[in-house]
Amino acid sequence: MNGRRLSLFIALRQLWERKLLNSIAVAGVSLGVLVLIGMSGMMQGFQLKFLSEILRVSPHVTLFDKELRDRPRMLEAVYPGPLAAQVRREQPTDRETRIERPRDIIAALERMPVVTGACPTLSGQAVVTFGAKSQGIDLRGIDPATQEACTPLEQFVVEGRWRGLDTSADGAALGLELAEELGARLGDRLTLVAPEGDTYALQVVALFATDLPQLDATRVYVSLANAQLYLDRPNVVGTLEVRLADPEAAPEVAARLERMTGYDAESWQEANANFLSLFEMQNIIIRLVIGAILVVGGFGILAIQIMIVLEKTRDISILRAVGLERRDILRVFLLQGLVVSLVGALFGAVLGWRLLEFLSTLEVRSEGLVKSTTFLVNKDPMYYVWGVTFALLTGLVASLVPAWRASRVEPVEVLRGRGG
Amino acid sequence: MTAAPQPEPQPRPALEARQLVRVLGEKVKTEVLHGLDLVIGRGEFVAITGHSGSGKSTLLYLLGALDRPTSGQVLVDGVDIDRLDDDGRAALRNRKLGFVFQFHFLLPEFDAAENVMIPMLRGGLEPAQARRRAEEALDFLDMSEYARRRPDELSGGQQQRVAVARAIASDPLIVLADEPTGNLDSDSGERVIALFERLNRERGMTIVMVTHDLAFARRARRHVVLKDGRVVS
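Residue numbers (the numbering used here), protein chains in the order written: chain A, 1 to 420; chain B, 1 to 233.
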């Protein structure tokens, strides 16, 4: 038997003899790992669900006009030719943003390998009324034939046909919550009040339901041509929506598209920066809480091991007297720290797994940022890997001081003290 | 023409102390041993006696490579312990020395056989082999039936016999005993001394025993008396 096996033999026996004491240290580590797995699973479950829903219904990059462009001045329209005039006040509504030559840009974008789709859109605010009910809406004009390549919305249709936007002259697709709020059903005719005050008839050709309640409560899709009519922006494309093969590459691609086209390009991360920074903040807080619990667990190991080292000074001396080297003693106590943390980590991992399993079956109706009927949990195996790794590191670090102290015991000083 | 007979080579002493000085204490320094010389041959049974503070335990720890001299030399089987590092001295103790202390110093978590096995396991023996030798040592000391008992299930005398078994099981060159009977009743003390006599006689083991008890000291083949850190007889 070599020194390593002997150290393990002694370490395990001493641990077993102090089951109650060591089980307290094990419980501390278990709690840390349980919290790490449980909290990570819950936080990531919600965040990943939200982000995946956002990615399903939103473009990865949106191109829009950088400069506000003047409309032809009214005086120039009335008095053609040279004119000395100064516009002293201009309102935002006097300006309009647009993508020039959108077809050429779309064609160029679609030739890029990183791009899987590019679509023209025009959006604006309007009001729809149905009977006595009115509701402010987010109006989106799209090309139903090509939009699927950018934001595959057809999969969310729960009633009617998405392509009805193409085939019906005044077809509109409504979010299910909006329709319920208005009391409108498939085939009903609504009235759209445009920003300029003009009214248009809309026929409900499709109802859709995503898992994003905010979108379902406000969004109305119409054909691009109709949107241009309703918003009084004939032939204008307001934004280009771009879908990428790798959504994570959106910031880099957006920067590249800005340089290429001269328009502003916003990645989905930029568009949802408020949520992402909130999630990041949540994650930092959770990591701090987990770290604090693991540190407390580590202090448990540290305190118990220091106590054991003080109590076992005589035994350490005798082991040194019969030939164990300093590193054998060091190893005994490091192994004890590692075994305590490993057992704690395994218990914590099993408890964490059971907790996530339980939570994932728990019926909780959520209508906040994302819609869900169960607790949103993510069961990434990496949580267990991190949990066990952090626990082992904690055990190792916590047992370093007691182990080092044990290895420094001078047998002769102890024996002289007792032997006379 | 025949060659002249060569003289028999002298066996190397088991232990040798040369001009040994040991100063103890940090703030108040006390010279416990003053240039002590002592040679202990192989197979000797030596008792060291002296009053409290005479330096006998300090000498024993130096001879056992548990401590380092302030000056002078300690040779264990010809090896100068001052030339060895900490691990080297630990290895030397494991291979050549066995210790018996006044307080048995058995490890409470291990049974008698396991306590005896530990030095042999550190020496590299496989567990089965170490257990066999531990059981032989316990048998030699009439302790076979107690092999599976833990220290707290044994009497003081039995515990000390287990400590003796631990010291001799790996068949060391030298057994160093520090007041081995000091914590025992007279019957148990007698048994331990009888064991040392037997080990010395039957196995030729070198035994160095520090004791207060002059009656037991006289049982040794050689009696060294220390006074104020020097050998006086």
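Bear in mind the hints are in silico, worked out from the structure with no lab data behind them. Think of the CB as a built atom: it goes at the ideal place given N, C-alpha and C, for glycine as much as any other residue. Among the hints, a few may not be true.
Said to hold, decoys possible - Now the stretches of chain A that chain B is said to cover, found in silico as 3 or more residues with beta-carbon under 8 Å: (1) 3-9; (2) 274-282; (3) 307-320.
Hint-by-hint comparison with the structure:
1. 3-9: Per the Cβ count (4), the hint holds.
2. 274-282: Violated: only 0 residues of the segment 274-282 of chain A have a Cβ under 8 Å from chain B.
3. 307-320: holds (count 6)
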